[in-house]
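Taking the hints into account, I'd like the entire structure generated from these sequences.
Each chain is listed here by its residues.
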Amino acid sequence: MEYQSLERRTTPLTWLSIRPRIFLLYFFFLLSVSTAFATEYTVRSSQSNQFGASVAGEDVHEIEVKPIPYWLFLLLLGFTQVTTAPETFFPIRLLPILGGYKRINRSNVFENMNREKLYGFIKFSPGSYFSEIIKATGLNKGTVEHHLKMMKTEEMIAAYKTNGKLRYFLNHSTYKKEEQTVISALKNDVHRKIILEIFNNRSINHKTLAEKIGVSAPTITQHIKHLKEKGIVKTETKGWYTTYSIDSNYFDSLQKYMSITS
Amino acid sequence: MYTDVGTGVNWLEVDLNWGNQANSLSLTIYKPSGSSIGTYYDSSDGVIDGRIHIDVVPSQGYVESGQWKYKVYGVSVVGTEDYTFNVAQH
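Chains as they are written, first to last, in my numbering: chain W, 1495 to 1756; chain P, 16 to 105.
Careful: at least some of the hints might be erroneous.
[Claimed, not checked] Dumping the calculated DMTMM-like pairs for lysine to aspartate or glutamate here, alpha-carbon to alpha-carbon at most 20 Å:
hint, chain 1, residue 1, chain 2, residue 2
1, W, LYS1560, P, ASP19
2, W, LYS1750, P, ASP64
3, P, LYS86, W, GLU1558
4, W, LYS1750, W, GLU1730
5, P, LYS86, W, ASP1746
6, W, LYS1629, W, GLU1649
7, W, LYS1724, W, GLU1705
8, W, LYS1719, W, ASP1683
9, W, LYS1750, P, ASP19
10, W, LYS1560, P, ASP64
11, W, LYS1646, W, GLU1610
12, W, LYS1611, W, GLU1649
13, W, LYS1750, P, ASP97
14, P, LYS86, W, GLU1556
[To be verified] Only part of the chain W face toward chain P is listed, based on derived beta-carbon distances under 7 Å:
hint, residue
15, GLN1544
16, GLY1546
17, VAL1554
18, SER1625
19, ILE1628
20, THR1631
21, GLN1749
Just so you know, these hints were derived from the structure itself, not from any lab.
Quick reminder that beta carbons are idealized off the backbone N, C-alpha and C, glycines included.
The following block contains the structure:
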């Protein structure tokens, strides 16, 4: 008798605690089904140089391009994030409230103002190095060291060593390897000048490059050696002349971040 | 900007042309579902000529019909830059 009454009291409680979990499982199941059947797209350079030309006799119709108010675009973008990213819809820190699924140990990372300040600085100045961060944030060395280490452990930021300097970025998924390399290189004044000079000229020889940058030829050699090691610059020697060009793998990253200065 | 794409379309031809290599624009393309298929730059079509002229090809079947959206962004622009933007369905 005692057991029966106990059972009656506990069953609804168990159901109540499980129900949010079932709801979430169902939600993620629906999400995975919808993404599993999504069409993937590839992009290729257009088959014809002339816009709207038929390639193999197929019908071609130009479609009307309609303007979209910017505020509406932002709204739609926000809606997209809601429908495609469960973590946006259910901020990860709220998950414990919904069903106790995941207790995030980095949820308290921003409870410290200094840490938030550092994270914000790295976000807006990717590729900054240690002393640069100290100078810009006004925090002391020990504090910066401590919080950078903590954010690295929580995988909120990543450090990337280049030219003897450890440069900091937001976590690994934020920047591709090529982007990290390019940003790091552009943060160095001379490297930046060299890269942009080569990029703007498509290809340039050693002597001309040294003249344009305003440094000696041996100095250019040193810098080019570094940029070659990083894979950004490639060289071609014809007879007496060595010409430099940008490796095509870095075109996109370079165009994206070329406005970055030291 | 957006376009209404019909049914039975094999691929989309997208052409953003600003003609000035000194300035850099990017183009992000969004499917009707709202997710992005990628951001493209001058070099994405294999030529640096102040133009992004690409075909968007589905991995299988036809291009999804509905509203495709496009965002043009001035990555590095001195002053202002005019452009033309056209989309065709094949």
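Failing hints, ascending? Of the numbered hints given earlier, those the structure breaks are 4, 6, 7, 9, 10, 15, 18, 19 and 20, listed in rising order.
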